[in-house]
Structure formats: C-alpha cells, structure tokens
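4 protein chains.
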Amino acid sequence: MYRFQDDYSEGAHPRILDALQRYNMIQEEGYGLDRYSQEAAQRIREMTGDPEGDVHFMPGGTQVNLVTIDASLRPHEACVAANTGHIAVHETGAIEATGHKVISVDTGDGKLSPDLIEPVLKEHHFEHMVKPRLVYISNPTELGTVYSLRELQNLHEYCQSQNLLLYADGARLGAALTVKDSDVTLKDMYSLTDAFSIGGTKNGALLGEALVIRNREIKKEFRYLIKQKGALLAKGRILGIQFSEFFGDNLYFDLARHANTLAQRLAGELRNLGCSFWIDSPTNQIFPVMPEGVVERLSEQFRFHTWVKVDEQHTAIRLVTSWATKEEDIQNFIRSYRTAAGC
Amino acid sequence: MYRFQDDYSEGAHPRILDALQRYNMIQEEGYGLDRYSQEAAQRIREMTGDPEGDVHFMPGGTQVNLVTIDASLRPHEACVAANTGHIAVHETGAIEATGHKVISVDTGDGKLSPDLIEPVLKEHHFEHMVKPRLVYISNPTELGTVYSLRELQNLHEYCQSQNLLLYADGARLGAALTVKDSDVTLKDMYSLTDAFSIGGTKNGALLGEALVIRNREIKKEFRYLIKQKGALLAKGRILGIQFSEFFGDNLYFDLARHANTLAQRLAGELRNLGCSFWIDSPTNQIFPVMPEGVVERLSEQFRFHTWVKVDEQHTAIRLVTSWATKEEDIQNFIRSYRTAAGC
Amino acid sequence: MYRFQDDYSEGAHPRILDALQRYNMIQEEGYGLDRYSQEAAQRIREMTGDPEGDVHFMPGGTQVNLVTIDASLRPHEACVAANTGHIAVHETGAIEATGHKVISVDTGDGKLSPDLIEPVLKEHHFEHMVKPRLVYISNPTELGTVYSLRELQNLHEYCQSQNLLLYADGARLGAALTVKDSDVTLKDMYSLTDAFSIGGTKNGALLGEALVIRNREIKKEFRYLIKQKGALLAKGRILGIQFSEFFGDNLYFDLARHANTLAQRLAGELRNLGCSFWIDSPTNQIFPVMPEGVVERLSEQFRFHTWVKVDEQHTAIRLVTSWATKEEDIQNFIRSYRTAAGC
Amino acid sequence: MYRFQDDYSEGAHPRILDALQRYNMIQEEGYGLDRYSQEAAQRIREMTGDPEGDVHFMPGGTQVNLVTIDASLRPHEACVAANTGHIAVHETGAIEATGHKVISVDTGDGKLSPDLIEPVLKEHHFEHMVKPRLVYISNPTELGTVYSLRELQNLHEYCQSQNLLLYADGARLGAALTVKDSDVTLKDMYSLTDAFSIGGTKNGALLGEALVIRNREIKKEFRYLIKQKGALLAKGRILGIQFSEFFGDNLYFDLARHANTLAQRLAGELRNLGCSFWIDSPTNQIFPVMPEGVVERLSEQFRFHTWVKVDEQHTAIRLVTSWATKEEDIQNFIRSYRTAAGC
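Protein chains in written order, with numbering that gives the first Met the number 0: chain A, 0 to 342; chain B, 0 to 342; chain C, 0 to 342; chain D, 0 to 342.
Calculated from the structure, these hints are not laboratory results.
Every value quoted in this text rests on a predicted model; they were computed, and no experiment measured them.
Treat the hints with care, as some may be off.
Since the list gives no way to pick one copy over another, a pair counts as held whenever it fits inside one copy or between any two copies.
[Said to hold, decoys possible] Below, in silico cross-link-like pairs of lysine-lysine (DSSO-like), each with a Cα-Cα straight-line distance of 30 Å or less: (1) LYS308 to LYS218; (2) LYS218 to LYS130; (3) LYS121 to LYS308; (4) LYS219 to LYS130.
One chain only, chain A, in its complex shape:
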C-alpha cells in the first residue's frame, strides 16, 4: 500500500547512502569535529553569506528546537508560536520540559505576523506573567504554507523593534525555498532570523538537521547545550557527510523541488477533477477535501492522514510527496480517485 503519509517513509536518497559508504572507513574525530561536518558547515555558511555564522548538526528536529530555545531564554521567558506550530502541539511538551511556556496564537494559515504577536505582548505586561521573548515560526508551516520575503522582513523588523528573538523551524525548509515563484533564499532566512534550521530527515537524509545561528548571544558555548540535551552524536560525521553531500551542489534543493512539483501536479489534477482544498499550500503537503466515501475507498489503497472533518459529508486529507515519490505514484492515485469519486 503506497504511502502519501509523510516524507520520511523511505530510507535516504541514494547519493546520501553512497557518500556514507564512500567515507566509511576513514578515521575521523568524533562529536562533530570531523572534516565532513566542518566542510558541510562551511558550505552552508557560504550560502548564507556570513563567514561568522555558526552551524551545528543534530539528529532530530525536536532536539534542534528544544536546544535552541533553551539556549536562548532566561527562565521566565516564553515562546510565541502559532497554535499549529510543532512545538505547540506535537513535541510532547518538549519546550515546557526545559521550563518555558509556549504561548500559542490562533492563526488561519499557520503563519505568525506582527499583528498576531502584538496582542500577546500587550497582554503579558508584568512580572506575574511570563515574558514573551522568542517568536517561533515554521517555514513551511505545518499546513504547508510558506512565508514570503516581505512577510519575513516584517516579522524581522517587528521582532527587532520589540527585542524579540526570531527562530525559524525549517524541518521542511527545502520545500519552502523551492516553491514556484519563491522569493526567499537561505541568505534571507539567515539575515532575517536569529537562528533557523535546515531539515534533512524529511528531504532525503537518513536523519539530521542543521542549525544555523546568527545571534551572538545564542551562539555562546552552544555545544555545551547540544551535549547536555543528548544531541551531540559521537559519530557526528554521519550528519556532516550528508549535509556536505546536500550542499556540495544543489541536491538539497533539487530533492525539495521534486517533492513540491509532484504535490502540485497532484493538486492540479485533483482540482481539475473538481476537488476543493482545505487550505492552499504550494509545498509538498496538500489538503484536498473529499466526500467521506471517497476517502474510505482511497484509504484501502493508499496510506495518508485524514486531517479534519470539514462538514457532515466531507473530510480534508493530507497527502505528502517526497524526494522518493515517482510520477507513476501520482498517476496511480489519480486513477484510484477517479474510480472512487466516479469522475
């Protein structure tokens, strides 16, 4: 049964495995001090345009979030996040477990903006309440939507003016940067945030996320925090090798673009067949709305998440494509949909 359930159902892109194989028996320093990690960091620094940026690699996204946020805040300081934000709902209280409240904000599309943050600052005005200090965004969001350059600039300026830190969770950052007509680059992500992550796991790596830090205060003794939270791999090389491969040429972006393209093709075909969408997403997660009977029949042939019941008879489902999805997988789905929907 084919899975459109997520973008981590397979292992790694062949080039990633090849690279791991290629350097396998070369001895290297442990804990991310190996030459591959240094090379990968260097490549990322070049793309972000600042030789002073710090780059760290960690095995998973929840770790990157909790290490970075805990490194950034004093005990009474809190995060502001969309109520759909990963840290707000789907990390089992990882941030609270480091002692910090996540203030969640209702958004339509998973995106924060100054006008949504402003009331939070107004409300949290004295020492009987936590102090909002870090704005957490995900790009793309958990709903597949992306920030435009203008939106990021506005957030950046607002955060600067309010002494707020801006952190972007890029678990699927490739998808955000390679949408059609994207005007946001790695360089923008760097210059407009205090720190952001570049997800590997969901874009063809075996595992691994890069964290890029611009803010000097957050940089300080950061490896201590990585170690303390258990995110410093003894064989850090396996993260370095993968990210070095990703950014030695355009592999990282090519894989993300492939996933986006196939998702949008699938969306286009469904739209042509009369499907509406729960939300308009340009990335590799799409949310078509279908009659329940159709959903049921499709679920006998494909795995996917049902997302939300939109009315008595209709449900939005989530379909996710990845670097590993093939054109024929799309066509199979469409074929099944036509049969199920009778169109």
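Could you slot chains B, C and D onto chain A? The hints should help.
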C-alpha cells in the same frame, strides 16, 4: 595518523551499511513503528528471555540515560553513580538538567557495590536531602572494567532490598559480555536490572542504542518521554535495521569480541615489553603507563588520550580498539613503542 | 485612598497577631514539626472527616500549586486549566518551570466541567502530545464564581472515570464555602478532589496556605518536595499558629463570610442604582460595569483594578472586599458612586 | 527541655512583632511594592553604599538561593560549593531541580578559596562537562566559621579574573559580621560579591531573607523569577516591616552579636572545663567534643544535634545560641555539664 582514541572513529561495519542499503526504498511507518524496529526488538526480547520486556531505540547514549532516569524518578529522587560514571562527569549535567541530583561515589575501579552505596543511603536520611532512588552503573565501566555475575547479583539483591532501581548503561555492553571468561549474558543483564542499554554506536553501528526495560513502572507511557526529549527519530527504521542486523546472528558479539581480543593482545605485548598498567581492564580500553618521552614520541604517530599523570615521569594513556581495528594496527603500534622506548 | 483592590492590603486579623504574640517565646521544633502545625493539621483533618488526610502548610499559593502539581505528574503529563486559571496566566510560568505544560481551556465563567475537558482528552491522543493528567480548578474562580456541589461531583466522577487527578486551588476557599446558599463544605472539597488548598493570605492571615491531600500517590514523601521548592519554612510554627487559630472555632469562615456579605451588599446597592455587572459573582470579588467617566472619578478616591473594556463607553472594574472592610467603606464608595454617576 | 538545637526555635524578637502590630491595619500595595519594603530596601542600600543596588525580600533561604542561582546561570552552567554548603547537602536538590549541577568541593572548614576552586576549573575544560560559573559561599559557613576581609577579597579577585559569579548565602550573615574582631561589613559583602543574602529568620525575624544584587545581569527582570518560583509574597509588607525594623537602627547586628557573645561565653566555659572543640567557630554555633556518656546525660536535659563521632568514645555536638538565648540558659547548661562530666 592512526587513532586508538576511541571506538567510533570510523563509520559503520559494512554489514550495517549493506542492511541500510538493502531496505532503503521500502516504505515504512515512522517513529519506530516500522517492521525492522519491531523485528529487532523481538530478537532482543528473545535473547533476554522475557516476552514482556520493552525495547526502545534511540540515537545516542546520553539520551538513553536522561530519558530513562527522568522516566524513573519523582522530582526529589536522585541517582547514585561512581564518580567516573558517564552521567556524573561527561554528559554536561544532562541528568541535573532534568532536575535530578547525581550523587557520585569514589570507587577505585569505576564499579559500585552495596558497601559503597550503603553510606549514601545512611547519609541521605531525611527530607532536607535528596532521596537516593536509582543506582546507575556502566558495564563495562568508563575504566574498561566489568562486573562479574556475582557482583551484579549482589547489586540486584541489595537494590531490591532497599527499594532502589538499578539501571545499567551499556554503551559498550558488547565488550563487557565478551571478555575472556565472561559469566554475564544479556539474559543476566535483563533479569538483574530494572533497565539497561545496549550500545550500538561504539560497536559498529552508524549510531543507535537499544534500551531494554523490565520494570513495569518505568515502562509506562515511555514513548511519550522519548518524544519529549527529542529522542524519537522520524526514521526510526534506521535504528531498527541496524539492531536487527546485529542480533540476527552473533554480529553484535563478534564485533565486540574482536575489539576486546585486539586490545588484550596489545596489552599483552606491552606487558611483555615491561609496560605496567594503570588499571587492569579486560575490555577494549587499556591504560598502559609509559615514560613521558615515550608518550610524546608515540603521539606523533598515533592519536590517543593521555589519561592521568601517575608520577613525575610517567603517564597513563588510554588505547581503544574497535570492530575496525586490524592486527596490523596493533603491530604498528608495538613497533613504534619499541622504537620509542628503546626495547 | 481606600483600596478595594484586593483582599491582602492589610496585615492580619487581630486574633492572628494575638496568637503569634501569645506563643512567641515558646521553643518549638522547626520545619512544620511544631505542636501548632500539628494541632492545626488535626483540626483541618477533623473538618474534612478523614484521619488519614495529609495537611501541609506553605507560605504562598503559587508554591502550593507548583509543589503539588510537580509532585503529582510524570514528566510528560500536563494540567488542564481554565484560561483564566491562576496557573495558566498569573504565575509567570511556575508550572512550566517544573517541566509541565498547562493546557488552557476557554470558559465563560472561569469554571471547568466534563464537557470542556472532554475535547482536550480527545485531542491529546498519542505520544506526540502531552498527556493531560491533572485538572486544575480554582474555587472560587479568579472571576469570583463558585462551584456547586453537583458541579464538583460531576467533575470528580469524570476525573475518576478518565484517570485524571483533580486539584482545587482554594486561595480564597473561605469565600467559596460561605456564599449565600452554599452547599459545599470542607468535607466535600476533600472527598471530591485528590488535593485542595485552603488559602490564608487572602482571608486574614499574615501569610500561609494549607494543602490537604487525599490521594495516596501524591502524599508520598511530600515533605521532600516542599523542601526542594523552598516552601518549608524554618519557623513553620507561624503557619501552624495561624491555621490553628483559624480553625479552633469558626474564625476562618466568619472572616470569609464577612467579606462576601459586604461585597454582596455593595453589589446590591450598585444594582439598585442601575449598575449592571460583567459577571455574576456571589463572593467577595464583584465586577460592576460603569461609564468610563464614572470609573475615572471613582479612581481618584478609591483604588481598584479596571478589568475589561466592555464597549466604547463602559468598563468593568473589580472591587474586592475583605475581612478588614467595614460597612462605612461600602457606604463611602456608594456615596462617591452616586456623585460620580449623578444618581 | 531547653533547645540549643537551632536559632529558630522561638517566634520573633518583640520589636519585630511590635512593628507588625503597629502597621497592621494600614492598607498597602501588595507583592513587595509597599512602602515598608521600599524603606527597608533603601536602608539596606544605604548600608551597602550603592544607590543602584537591588534589594528583594523573600520568605525563605532555600528560595533565595534557588531563585538567585537560576537567574544567574545558562542551562549548562554549574555552581561550585563547599561540600558542606547548604545548597550542596541540605536543600533536597533545590538547585538541581532548576537544572543546574552543584559541584561540591572538600574543605576542612566549610570555606572556599581560589586554590580549592582552581582544580575544578581545570577539570571542567570542555563541552562534555558542565561549565563552572557561580561560586557559592556561605558566611558564616554551616560550620560556624567566617571569611576574613582578605579572604573575601581574594575570592572576589579570583572570580573576576575567571569570569565567575560570586554569591554569598548569608542565612546567618549577622553572626558573621559581628564576630569579635570582625573586619567585614555589609559594604564589603556588597562590593565583593555579585549578590548576597541577609538572613532574617535565624536572627529574630518571624521569617524572611533579603537579597542584595550588585551584578547588572542578575538584576534583570528579577521579580519575574521571584514570582515564578513562588517567592513573591502577596503581603510582601510583612517582610518589609521586619527588615525596616532590623535596619532602622542596629537591631539586626545587636541580635546577632548577642547570640555570638553567649555562644562564645559558653565555649569559653566549656574550654575552661577541659572541653576540646571539633572546629574553632567564632559565631553562634559551637561544636564541643564530649565523651558519649556526657552527651547522653546532657541530652536528657537539653536538645541539640549530635554532629559527628570523632573517635570511639567521643562525639562532637552542635550548640546554637540565638537572639533569644539568655545568660541563665548558658549557666544551666554549664551546670549540667559539670554534673555530667563530673568536674
């Protein structure tokens, strides 16, 4: 420059990489619910002899320690550990970061025993002090020493009688179980502890540790804790595949035995050449004592840790072998030693 | 300028000060093991009807909340609270600082009920989300409303059926139990919750809150937790003496009833003068709605909190009476109101 | 049975109770913003000589320690303390509960010095270990010893040179500053530390400790941390009133000097009678060594702590005097000692 610095200087054993390659494009459920993780868990359960044991896989050893300990303790409860224990010195306060004190005990050889724990319990007798509740041992210890079956039984009985939990960090467990004349098995580790780990990273895996839990209270909702601490990999399959390969036959033990054998051969030859040892270790970490000049000359050809200055003119160094060490690496070292020491 | 700002603007009721004076030079054991604390605990146990109940005294309400909640939860477990609940908004993330998320629920009147908790349980269904485990209510609520016996019974039954702990913050418990036609007693509070507090600070004590625990799991080694969080006073006697005085006769309830009576008299007179109320509260906090001009003029003579703007021209203010409020203070306010409102 | 057990066996000094009585019915702002707290802070600032110093009042000493230390450290940073230091042994892991390791150092007399701290810094040299950042001293120490001005200056200079924070727990600070030939003043405590506390509970207050902060980084938004840890009393006035009374004239020092004087008189008489001492303490805690039989007989008439067995037949006991001890209490003890010891 050849490294005897640690047992994680290379990538993975070829069979591990092959297995990852073999199943790479098969789609699987995420977060450790894949078939490989289930198969690996099943194999480990069989070796520990209890179909009710819980097995979880996590990327790193510090994570396994902090997740397990935090899952086991109420806020005022503390760990007891040898002062050389990994959690006591080399995990950047990972346990304290979850809120729990580590009470460290001076031992000669890195091993805890009832007579060393008894005074801790006596001292911590009322609510103005933390309550010792979990005994942390590592097997082998950070000094390469191992527990005999009798010693483990004594600890187990003592802990049971004092309502203490016993947790064994097995980051190098293979080395402990395959020393010459070993009388401890995986089954013993299971039946004599409340939980213990089986390290993969230092025994030929790319990364990964298995945690095996016998105690019912610790088992409860354990996956929540794994997720909260960021130790639940989206592609849990890559841990499952490796451990399934390890325990499909005797690979795990063969690799550990190989490392032990070469270390002991190296130790034997050094001993024959007049070298004394800082501590007597039967595993893959050995601690020869050498004149400083010799250490200096060897360090131009090999990487290793200098461990401790034993007197004005002598230093103990640590030499670590691994699954990847070859007979010729040993011989090269001996040759260099003879030159350096003039013998 | 007279304060209707809160119920802790004065020191302590004279009988409280007298009692402290009376026993001042008698030597006693420290840390709450003195005879007064034991006597006070005994008196409270008698009123709650269970000789097995545990009673502890702590200096402040935030402490009682954080100690109790941290003692009750495993790391991945969370609280459910009204979004107006003290722990949710006005304790500077005290609960999160112990590692636990507070899931806040929108209520009209500050009160939780099974139908408001049910969706939270439904939503938090797997290990990627925190596990709701403790229901936090305040009685009276931060809006001055109270739970009826039936409402508490429903909550109790629901929590039991869902394996949820029920904890009641009684910072102003006296006010809840002495409202007109109250059908809830200390005995009910005890038998229907796992733990609840009896606030002293806001009812005429110098400082101090009693915590009463029925649940055996929470009771365990509880003094360790009190000490760890800094809530174990060396001179615990000063809490014991006060609560012993409170519950030696009906002082505790008399003071609360006095505050309620004056607040309701004030509310009645304002209502007669045409004032409407933002919320209907039977306790010592009332929320009259007034034209902004009137609020402004009154604020030149009295201190109180403006609560919320209800429309372009009207604001709800909060007026709080206490054990120390006198009939003439009420009449002064009414007189000023009539002048300000021109009625 | 008279208690030489501690210095908090009675209530408060009569002047303290009188002051609480005097201002009892005056309405004041809550949460430490009352006029008495401001006045007390102002008096302390004047004595420390810096109008910029921050002064906060909290109910208990463990709170002051944990709030201050948590406010001062990033997550990976640790405290260094004597192994007899209160935070190291007798606060139930309060500091670890905020996430920070306490590195304890063996001292003879409870006092830290640069040469004792130096090896800790040397050992903790990389990111696999916590980073020592704050030096915790108590003055007087838990063994009754005190720091000389020269010793404090050395510590201060050393900490400055090593980028370490210096925090002094002054739970019995009065006793330290009023020993015979003392050369340390409040002004010195202020200028030589980053923060220090002035204990009230053990010097005649009902309860309460003052925290004085010189370091700007620690000062920042400090009230948020006080509130978060539950240390912000609603009726902060009761702390302000007491400390204002303490420092309106020399009451604070007079009470401490009284306790010291009586303890030293007791020590002198015991010494004259042939008693030796476990440690030489100039403050209100003394540690005479007595034959076990004598200890036993005395314990039928007096309460005190047996401290440590010094040899087969002798035990050191701890005798504590306070503001409330009277000359006749001393004489009674001496009389009983003579009888018990037969001299």
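So, going through the hints one by one against the coordinates:
1. LYS308 to LYS218: Neither. Shortest intra-copy (44 Å) and inter-copy (35 Å) distances fail the 30 Å Cα cut-off.
2. LYS218 to LYS130: The answer is both: 21 Å in one copy and 15 Å across copies each meet 30 Å.
3. LYS121 to LYS308: between (34 Å within a copy, 14 Å between copies)
4. LYS219 to LYS130: both (22 Å within a copy, 12 Å between copies)
The structure is inconsistent with hint 1 alone, although it conforms to all the rest.
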